[in-house]
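Listed below are the residues making up each chain.
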Amino acid sequence: MAIEVRIPTILRPYTKDQKTVAAQGATLALIISDLDANFAGMGERLLEDGALRRFINIYINDEDVRFLGGLQAPIKDGDSITILPAVAGG
Amino acid sequence: MTLEISRRLVDAILEQSRVEYPDECCGVILGPVGSDKALRHKPMINAAHSPTFYEFDPKDLLALYREVDDNDEEIVVIYHSHTETEAYPSRTDIAYAGEPGAHYVLVSTRKEIATTPEFRSYRIIDGIVTEEPVTILE
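Chains as they are written, first to last, in my numbering: chain A, 1 to 90; chain B, 91 to 228.
Calculated directly from the structure, the hints in this document are not laboratory data.
In this text, all values refer to a predicted model and were calculated from it rather than measured experimentally.
Cβ coordinates follow ideal geometry from the N, Cα and C atoms, glycine included.
It cannot be assumed that every hint is accurate.
[Stated by the list, open to error] Interface residues of chain B toward chain A, partial, derived using beta-carbon atoms under 7 angstroms: (1) T142; (2) E145; (3) P148; (4) L151; (5) Y155; (6) E157; (7) V158; (8) S180; (9) T182; (10) Y186; (11) G188.
[Stated by the list, open to error] Calculated lysine-lysine pairs in the BS3-like style (CA-CA distance at most 27 angstroms, straight line): (12) A:K76 with B:K149; (13) B:K132 with A:K19; (14) A:K19 with B:K201; (15) B:K127 with A:K19; (16) A:K76 with A:K19; (17) B:K132 with B:K149; (18) B:K132 with B:K201; (19) B:K127 with B:K149.
Please put together the full structure from these sequences, using the hints given.
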């Protein structure tokens, strides 16, 4: 199954400017490793020491993945994933 | 690049920074996609409720991007206030700046230079800060 992933502007240099890409995987961790396999360098922008980066938000449909099990969040057919950098600072 | 912005929007942002003091305030100004026109003001809640940090709530952030997409708009300005320091991007502002196309506006509520309120605009791309002129349309 192919899951639609929406890519924010700041990561589009990795996807040749595509706003949405397709990825495969039954968990968020597998989706991210599939993204990294197809768009080299993307994994490092999303993960730090094997965990989700604090200031990258990932949503499955309308829900923040932090409330769905993080990297272990299950992904099912028809889900869509949105990646957004946090708007934050000091 | 120059940021062009109406006096009304500048005043609204400065007023929000005073109302939310001592916390940092934050928000965006939207415009039609591709226009670079700062037209529609949307104040956001600082989910950090802090005098030294701001962050859009992740749920509000998703709703904002959906709204922008649905309306064929773009985020033209991302602004926040500094409460006691210069209206210049901090190290964390630079580290987390994630919208290379946006004007990052900083205002300051610090008191020691109270003659004219600080309202300044920057591009922040790949860790490089470039200040740009601001033209206020009266």
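Which numbered hints fail:
Of the numbered hints, 6, 7, 14 do not hold.
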